[in-house]
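Novice: Using the sequences plus the hints, can you model the full thing?
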Amino acid sequence: MIAHLVLMAFKYKESVLVELARHGAMPREDTPPEMVREFINDLYVYEIRQLRKRFRAGLIPKDDYARHVVELRRRYPILSLPVRFWTED
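Take the sequence shown: its letters are residues 2 to 90, numbered as in the numbering used here.
Honestly, the hints are just simulated from the structure, not real lab data. Treat the hints loosely; a few may be bogus.
Pairs of lysine to any residue, SDA-like flavour, derived with a Cα cap of 20 Å [stated by the list, open to error]:
1) Lys14 / Arg29
2) Lys63 / Leu82
3) Lys63 / Ile49
4) Lys14 / Phe40
Specialist: If you want it as structure tokens, here you go:
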């Protein structure tokens with residue numbers, strides 16, 4: 002039996018590509034959206050951990066920490082969009 006390789010083509014929405022590029026992600030048409038989302042989520046988790054480390058080290062005052070968290074979340078609006086909406090039908 003011969004295995005057939007099936008390649009999926011994904012047409013990312015332009016607005017999604019712009020958001021992804023802000024984080025250094027430039028998916029090809031054969032890159033699954035789930036894989037790209039995982040990459041972006043990993044970046045967000047890394048940044049939130051770095052922010053927490055800075056807070057614990059006393060580099061961010063307690064009164065400013067929540068503001069920093071909100072600012073970080075605002076830089077990742079793509080994570081609030083379900084991946085099924087990242088591509089065109």
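Novice: Does the structure keep Lys14 and Arg29 at a Cα separation of 20 Å or less?
Specialist: Distance of about 12 Å is within 20 Å: holds.
Novice: Next pair to validate is Lys14 with Phe40; report whether the Cα-Cα distance is within 20 Å.
Specialist: holds (18 Å)
Novice: Taking only the CA atoms, is the gap from Lys63 to Leu82 under or equal to 20 Å?
Specialist: violated (30 Å)
Novice: Hinted pair, alpha-carbon criterion (20 Å max): Lys63, Ile49. Please report holds or violated.
Specialist: holds (15 Å)
In this structure, only the earlier hint numbered 2 is contradicted, and the remaining ones agree with it.
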